[in-house]
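Spelled out, the chains give:
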Amino acid sequence: MKSSLAVKLGIGIVLLAIAGFLLYEFWVITLNVVGGFLLYLLLEKCVDFLERRHITGAPAYILLTLFFGAAILGAVLFVFLPLVQQLNGFADQLPFILEQVNKELVQWHSFIPFALPTYESMQAYIFTSIAGIASHASTLVTSVATILIIALTLLASRNTLWNAVMEKIPNNYFEVTVSTTQRIVDDIQKYIVAKSAETVILVLLHTLGFWLIGFPAPLLFGLIGGLFNLIPYIGVAFTAVPVGIAAFATGGWPLVGAAMIVLAVIRAIDDAFLQSWLIEKFVHIHPLTTVIVVLIAGELMGAVGMVIAIPAYIIARITLKGMYDYLRSVQRHEQFLHDELPQDKSLKAPFV
Amino acid sequence: MHALFEFLFERPQLTKLKDELQDTVLFKDLSRPELNKVVSHAQLRSFKKGDHIFFEGDSGQALFIVLRGSVQIVRHVAGKHVPLATLNKGTFFGELALTHDLPRSASAHVTEDALLVCLFRHDFESIVKHYPKLGTKLLTSVNQILAQRLTTSIERTVNGNHK
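Protein sequences, first through last, are from chains A and B.
Quick note: the first sequence, position 296, residue 296 per the numbering used here, numbers continuous.
Quick note: the second sequence, position 159, residue 1159 per the numbering used here, numbers continuous.
Just so you know, nobody snuck in bad clues.
Calculated pairs, BS3-like style, for lysine-lysine (alpha carbon to alpha carbon, straight line, at most 30 angstroms): (1) B:1137 <-> A:190; (2) A:8 <-> B:1048; (3) A:8 <-> B:1080; (4) A:168 <-> B:1049; (5) B:1049 <-> B:1089.
Partial pick of chain A residues on the chain B-facing surface, computed with a CB cut under 10 angstroms: (6) 179; (7) 183; (8) 335.
Not close to chain B: a few residues of chain A, all C-beta gaps over 12 angstroms, as computed: (9) 19; (10) 46; (11) 79; (12) 86; (13) 107; (14) 146; (15) 191; (16) 192; (17) 252; (18) 271.
Just so you know, these hints were derived from the structure itself, not from any lab.
Where a beta carbon is used, it is the ideal one built from N, C-alpha and C, also for glycine.
Only chain A is shown next, with the shape it has when bound in the complex:
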């Protein structure tokens, strides 16, 4: 019995949903694999860049290692060490900051009754999160190492692996699978490169802005601002809360105002220039779709889900479209196969 297009598409969607469920259920493994793959895509872009300048094979990999080695060294010297210093200073100030905030909120308690309980639950959440991060430090280190190993293994075997995978695909699905995969890799690669560039620029802008207004630990909060931007559209709200609290406790309302102006100016720069230059140019997704996708992913997988929401959406969209197009063509194929094929072998080539 021949099944209809709707049935085939339905089975395909169910299989995809099962795959999605398994990936979600084993999310630590999924995250490591996804992280390794994303890093590989970024590194591959660099290798391609070198190859186009006739630097191939061993020299390309040595150059890449030297470049990333220098980048890591620079990051340790100019970012990590000052960051640890600022983090220590901020940790010393933290009890004072919390006390200040608490004192202010107690004064407002009669006007805004929900402010104090909200703050207390927020404080408890922050401490639980910090404790959670600390307890998962070893998992984090293992994940970083796994992601690096996966990325480098993929990079070292990029052509052979690609060929090996493609060889396993039956001839019937070959063209659609390769073109769909190429589209996914291309879009994800563009998104990663654009998002990485945007994040670096935003970290620099936040740090510069906070430093200019005399904000405590500008590099630390610059990093927070830049990294929270990885969460599309609503990331700025996550930045505003710690920035607002730190500003209020160390400089009072004037510093809160200045910090919020810095955040607003940077948001305007991001929306007006960076988003249109970098993100929208490469990834064509409606802003409303982005917000919905991010919220759903956040509900399912928390902050990590929000970060990987857009790449996951890109993959799902292209895969479903590829599946739909293929299943539609199958019906036409069946019709063609009903007719007998000719045996004439003496004709010249036409256009196909």
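Using the hints, position chain B against chain A.
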């Protein structure tokens, strides 16, 4: 060390077929380094006799070069398959997919076990973007062959009308 890099970073099968590729109508004007660049973007695929490579109306994404075997191009007209051409070693088909996002205008099926090299539009665009000189050479070759095929089609049409 060189063997290790050859294994890790080069395509294993296609690299052995460079001489055969150099003889094809599409790549005959390319230098060896240029051919290497194309090979790094292309894929090798084997088909059995009776296999269908693509069907009329499918979304065309790749050009196919026949390295071994033979492929028949047919058109579906009023419930019948009309043969348009039989292609052998060195020829290519599906060229419109390289430059146009159009459905396939005919079907292709294998009449003798075939070894085909596939060049996808995405890879072709990448060649044109990053190696413009090589891209121009490839496009010129495709255009020359398209012009020959157009002339053949016109002659066939004119002869058909006069009969």
